[in-house]
Amino acid sequence: MNKKLLFLVLVFTLSSALMYAQKTVTGTVSDNNGLPLPGVNLVIKGTTNGSSTDFEGKFKINTQNATDVIVFSYIGYKIQEITIGNQSSINVFLQEDLEALEEVVVTALGIKKSKKALGYAITTLQSEEVEMRPEADLGRTLQGKIAGVNISAFNGETGAGTSIRVRSSLSINQSNSPLIVVNNVPFGGNISDIDANDIKSISVLKGLNASVLYGSDGRNGVIIIETKSGSAVTGEKTFKASVSTTSYVNDVANLPEYQNTYGIGSEFGYVPGNLGNWGPAFTDLAEVPHPYAIFSDIFPEFKDKTIPYKAVRNNVKDFFKTGKGNITSLNIASTQENTAFNLSVGYTDEEGIIGNNDLKRFNLGIGGQVKLTDKLNVSATLNYSTRKVNRLQGSEIFSLLMFIPRDLDLINLPYQNPQTGASVYYRSSQNPQWVLNNTGLFDDVVRIFGTINTKYDFTDKLSLTHRAGIDNDSQDEFDYSNKGGFGENEFGFLDLDYDKEVTIDQSIILSLNNVKLGTNIGLDAQMGLNSRFIKGKSQSSNSDNQNVFGFLRPSNFNTTLANYNSYNENLAGAFGQFEFSYDNFLYVTLSGRNDWGSTVEPENRSLFYPGASFSFIPTSAFNLNSSTLNYLKIRGAYGTSSGFPTRFNTRNILETNPRRFVAPNGQVIITNSADEEFANPNLKPELHREFEVGIESMLFNSRVNFELSAFKRISEDQILGAGLPPETGFTSTTINAGRIDTEGLEIDLGIDVIKTNNFKWNFRNLFTAYESLVVDLPQNQLELSINGETRGRFAIEGQPLGIMLGSYALRDDEGNLLINPTIGEIYVSSEVGKEDVIIGDPTPDWALTTINSFSYKNFTFSAQFEYTHGGDILGLAVQDLLERGVTRDTENRQGSFIVPGVYGDPATGEALLDANGQKIPNTIQQNAQRTVFSNYYNADEMSVFDGSVFRLREVSMAYTLNKAKNTKLPFQTMTFSLTGRNLWFNAPDFPKYTNYDPENDNGLGAQTVPTTKRFALGVAITF
Amino acid sequence: MTKNIFLLACIIMSVLCVSCELKNFDFQDDLNQLTPRDVSPDFLLSEVQIQFQIIMREFIRNSDDIMRYEAMTDTYSDLVSPNVLNLEWSVLYGLRNNVKILENLAAQNDGLIFHRGMAKVLSGFAFVSMVDYVGNIPFSQANNPAEFPNPVVDNGAAIYSEVLADITAAIADFNAATVIPQTDLFYNGDKDKWIAFANSLKLKLLLQTRLVDTGISDDINTLISGSLINNVNGDFQFGYSTEVEPDSRHFYFERGYSTNGMAEYIGNYFMFMLKDSKNVQDPRLRYYIYRQSNIDPVASRFIICTGKPEYDYCYVGNAYSGIDHGDELTGRADRFLRTIYGLYPGGGAFDADNFTSAQTSKNLGGAGILPLLSASYVKFLLAESALKLGTIGDPAVLLEQGIRLSMEKVLNFAPVDPAFAATSTNVNDYVTEVLANYTNAANDDEKLDIIITESYLSEFGNSMAAYNAYRRTGYPSNLQEPIINESIPFPRSFLYPEDAINRNSSLKQQATTVQVFWDNNPAGFIK
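Protein sequences appear in the order of chains R and A. Mapping of the first sequence onto the working numbering: residues 1 to 1023, in sequence order. Mapping of the second sequence onto the working numbering: residues 10001 to 10527, in sequence order.
So here's chain A without its partners, still in its complex pose:
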């Protein structure tokens, strides 16, 4: 019996000796993750910059085919459907969470006000861009899940005003700051460049509202007399590298130069505009567009459009193998043969009549840029403003400056084969023809058409600018209309993303014909 009791005691002891741990239920902290207390303001600001880049990149990706840079291979309905903006939408409000944390930190630490300024401008630019694409979006009730689990939308105009005020505050922060952030992917901590960009962003926002807000001329004149981006060194852009892990390459490069070839097509309209719309060929053509082969896509049956009346261009010639706007007959095995993105801005290859597939081409490995607000664009905005609002400056001079700044940027993007490089004569000839057209234009509308068209050709890689300009002005007037499904209206705004519609009971889906607050043009005035 004693033996039994002894054995029993052993067993119970063995249970008890581990029981101290068995009574512990405090395992709620995930020891494998940092906690919010550990946050580094510099790393947080880096995330804000990356998030900003994602949002802008995705917007541009989404409107490239709406604006005919890339060929649309389905319908407008597909391009703006509820599954399109999910990523931008969630990253945008995630960015704002980070900006809020940064603002709270900066409120107690003067060393972080440059951080705050940058965060505010980037967040502001991203938010007005979402307004430009969608219209009214949640803002005042957003980013506060405890109080507002289902945030209501704010009017786009109100968000524009808030952002303008934020930019003003950010300029004050830049001026007052003494400590620059560890990582500034845009201007490497250059205050003056940030201030010029902030002012230029204001100009962009003001001009965007010119149809609905008549009292902006004075504000614009004030901006003109201050500092604006006026040379290519001050361009607001995001730079990519050749790194594949994490993929830090430009998305045009990923599209055109990966092992599976380019699934998309360059739009025939855009190639026609560069190649044949003027007597002088656009000097940027070989920089923008790269031909992988010199095959004739129609003869090789990669595009079956011969004799079909709905096609406007079918094949623009000289082995520029793209498709018409809205052509759905795609999927031919010509991914290594068709025309793709070139040297600028995606960091691909310069077209020196090489006619080799993208992967075997001499290219920049994806180290391209995302042009977001350039000196040339500022000039085009000022030209439009001078023409339509009578603000300071000669529209023709500003137009020329805009074109030349764009040429300067594109033609000097990387060293190219001199035998095929554009010369200053090519540029001068081009400018001369455009300015002659401008002088000969019958009226202001035709003049504006020329300004916006040149802006369109300069803003390759930033279809946001073109999408906004098209809805504001209706130009370029000769944009190709969809060759089929003509009855589907041009999207005046994108649909709310399905993640938001499905989860936010305050949000109701809208139609793609809903016009953004600054767009008071008639319904159906653009196609």
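Chain R with its partners taken away, still in its complex shape:
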């Protein structure tokens, strides 16, 4: 394949290499600072005879006669024309053209606009910022790269998702995930279904004004992705091909540093089967019974066997392995005058750091464009992707795994009963190896996503576009456990799910471009209709009670219940956007949209929401341009949006259960019951409003780029899944109530510190800060659900959204811990009947990303460094490590310890006083175990850590070979890259040796699959 391609390329190259010569003119092109400009285009006016400058800015061009005019053009500089006359050597100085620097960006619904006209914030990333990274998931690659966008990975497992929040969370318990738009059509899938190497550009619309044309779907921000395969453009005859491959390794990043002095047991005594690691020192005991000696019926070989009592240093580390990954992509683009064609193929194969965890993804994208007539243009894309993920059902095993006793040789012990297959372990919990090998979750997602774009130009000012997208997503899930585990795994289960969802999204847009309303006033306008229709269905079966161990088909289970669901959802909108410009320095845009949604009753279906924005460019208005201040823009926007509720909340249903209970006589009891959820027929969409102001500026000969946005957002009539007092006979309903206000600041500051011909150093900083306050709530507090689970996060009126509640240690008025005078332990509020209080705010105060990029000739280097400030974490995983005595933090354990504090009375909450009226300091000595375990960390408050973290997110190096410099190369460019991800982090508030990564468990503080660090080697060739 590659050889053929090469041949093809050679043919193309040779065929264009015809030359003829009369007179040769040479010279140098440089900028107004005298720095040479490579790659400047030269053409003899009125001919196709051209050339370009080399790396030192030098050129050579053949001319026919003295009246020839050479046109010098270079992006970002003013075009210069020079008549040759009798010169044979010309030195040219090009002037920077600030007007030409105008960036054109893709905005809502694919409308391309000059960035200076926008009244809102938009961030655009180019392909080089995301391609050839060692992540199967595009979401992870984007971490930290966009101001105002927070991306957190659930854990380090291959195939585990990410949660993306643009300008934090808008809604208390509706979805807060941004809309993903691929090739201008909303995309229902996961961002990890997109091949990062097929990306041409990514734009992020952050505010409500920016996304108003997307309606309620765009309220959480919009990520607009243009793929290479979707960006074929007719015009010149070209052929381009590129192929890249990235191989990477994936290693566990944050294992604790373990102590190897003490082993299993309690109070320095050996206790077999114990969960704690407070036993005797390894030097104090020679031999202990084999941990499986108690299973002599299963393993006769271990009967009465003893083993040396010693540390198994790598017993946790060996549970993990080095994952490997490979991403290969091929892109081909061919364009003719009236047709264009793109093809991209990608294959990703990644193995995780734990057993039975891998991902395989295949992407195929085809795009084309046909210019049928001068006025009619049709383009289409078709993407086919499959994603197969094999992973753990949950990550509970990791909490126990991280603190197994230091002497337990986990990996070399059998994990299942050779006769029955049941889990065997040194104590009564599931062997983590058994869980890895006997349970699992396979996901098989197939997605076909096609778009058709038809554009008809009535005149050069009026056009009509029809855009249709079909997104067909089918997902097969295979979720199982063999029998022989604990809890729901005791009898084994097999849950099969097949879901199919088809989304048809259509828009008709009538566009007016460049209409002059007066000498200085221009109008651009779009009016249109949009429809988004979703049809879905799912089939599922739940089988329980496995018969033959290890066989996973419903026929091998005693009971199987099957289900079928289908649904339709319809959302339509009519919108308009009118942008008035005045003399290219003032832009005012008015927009509005009306939505009709099918998830509410007829009287609440329609909602209109308007928006307005302005952009003012003082540098153009007052001719302020100087070499200090090159460009200044001030913008402001007001936007609104709706949020329609999820399906089926407005009408009561009847619960039915075909298998509620089995009576002693074997009768299967079927039941009907009033539903616990009280339907709310008056439910209406949420309303969100946002004010945004911003400054964009370029300074010091455009060496400094500065962009700032500040916003305030008010989200009212929040749709809440509210708990009803159960006394009403119902436990929940869905209501409109509540208000959240969010304020935020985003800064993007880029500086070209050094910019010479060969060496460039760009220093870019992204700063993001938010605060979301719950202003109004219909009830005292509301426990939030995070990915379908309640994890101790609450909405409380007057408090930041997502606050943590928990128990606390009693203290006197001076803040001393109150100590129980009989046992010397702290008093925990919950144990003396006191209500939980706020123990932390998990939302970070601010985050900063610094990216330094260097380029020297063909060599580039960049490093992305991040700091997150604040954000509390209830570190239950850390608490476990300390309480079980496994890390070096608790290695120093000889002697006795005293919990600092004064004796107190839990009834009064005050310190006890001695005969002299003085507080009595605690003097009760305890051993290390009693001090830490079931004492100091018993109150939740004591396990709250500050989540501030420094992180080296990404380092990448690349070297490019260029045909322009080395004509012997059989291709245009060849790039070698070396990338490392998540190379280092430091969370200073966490106990030193726990090495806990605050990003683990999505910031919720439990132990999941640890985060990973990755190294990649990539090669990319373009032809």
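Simulated from the structure, these hints should not be mistaken for lab results. This one's a predicted model, so the numbers in the text were calculated from it and none came from an experiment. It is possible that part of the hints are untrue.
As the list claims (entries may be wrong) - Looking from chain A toward chain R, a few residues come up when the C-beta cut is under 8 angstroms (computed): (1) 10021; (2) 10034; (3) 10036; (4) 10077; (5) 10143; (6) 10150; (7) 10243.
What the hints assert, rightly or not - Here are the simulated BS3-like pairs of lysine-lysine, each with C-alpha atoms no more than 25 angstroms apart in a straight line: (8) R:115 - R:78; (9) A:10023 - R:684; (10) R:537 - A:10023.
From the three backbone atoms N, C-alpha and C, an ideal C-beta is built for every residue, glycine too.
Go by the hints and put chain A onto chain R.
Same frame as chain R, now just chain A:
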């Protein structure tokens, strides 16, 4: 140009041809669910029975360790904290929703009055039980969210009266009914048994209020002359099976016999009472309690209590490995070694000195029962009533009947190894000793102590009865006090569940020392 217009027309047509569907916004009905119109009265009544079972089971689970059957491993505050009753509370009012639907259906259909009777009695029993645990609870304003989004509480006494009236109405329904329900998990449609149970339930409610309501003797005498549960066949109980999906096994079995072993402990006090409190060992011991091993838990360091003065029992001997009331030092790796629930009532294993772990034992697979109102309990109630109120009957005779009915039930629960089965001689010896103690008792208080203690030992598996009796009488007088945290008072009531407190603005949390309306005993009289 014509070509262009043609193409344009095609596009517009393609949009229009789907637009008929695109204009449809009527997708509010969830086609995947039944609507309330589709309800089947029989299936609804089945749900009421299952909900009733859940409520009673959870109450019993909650008071097992308060009443020392199971060892308490934390404090009284934890046992009655606001997160304890959430499930029972929501299921109780959910049950009442279903009962209301059934009542509406029965109002138009005479074929459903047996259904209505059952629903009323079950709902009534569940509601008075909630009163017994919590005190004043929402009732008259409950189950009407449109009118009363924040229902206020009603006095417990008023709820008792309403339930008594409902039971009377239910008896009338049973008498009048001609159609029996498709599924009756209690008496398989036997009217007479339902009526005897309904009367016995009335007796229970009346006697429970004897401290605050002096005019109940006549009512009780009327009940005695009518039909009450008087043999084990008429016992009101809920039966479980061995099915694991859905889990239809007794919760004692789930606790003791699952692959992860038993996390709880049997209380040392209860084992001591069965084993050593009398000269004659309780014949029910091997039926109630199963020993997984013959290890000595103290010697094996599974319980570290030697020489510690706060322990009363530490280890009761003979490999009965439990812990003292309130011992917090748990979590040793002895889940497959410690003593667990036996054959009765959880459907586990009979203790024939097997000393094998629960899972490898010969057991009933969880097909146990939830004893809710048995003939033996009725006799103990009548004994107390005869002794304290002078109602019909000889307390000593009733006491003996109570013990013998319990023995009959437990000893015949399932076939057991005859070498270890209790004999009638064992039972007679036991009865003789108890009756001798009763005759020798110095006064009525000591006599009542004996009646309640025997009732306590019979009501294993129904700690609701024991919890009510303890607060009403203060007996058994020798119940073990918590070995640590003695200052935390005994819960005279449970706290309101947090779901209710958080969501109902009319509801204020109470203290655990609040006494239920029928409890006028002094504060702190029990520990």
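To see whether the hints hold, each was checked on the structure:
no.: 1; hint: 10021; verdict: holds, 7 angstroms
no.: 2; hint: 10034; verdict: holds, 4 angstroms
no.: 3; hint: 10036; verdict: holds, 5 angstroms
no.: 4; hint: 10077; verdict: holds, 5 angstroms
no.: 5; hint: 10143; verdict: holds, 4 angstroms
no.: 6; hint: 10150; verdict: holds, 6 angstroms
no.: 7; hint: 10243; verdict: holds, 4 angstroms
no.: 8; hint: R:115 - R:78; verdict: holds, 19 angstroms
no.: 9; hint: A:10023 - R:684; verdict: holds, 19 angstroms
no.: 10; hint: R:537 - A:10023; verdict: holds, 21 angstroms
The structure meets every hint from the earlier list without exception.
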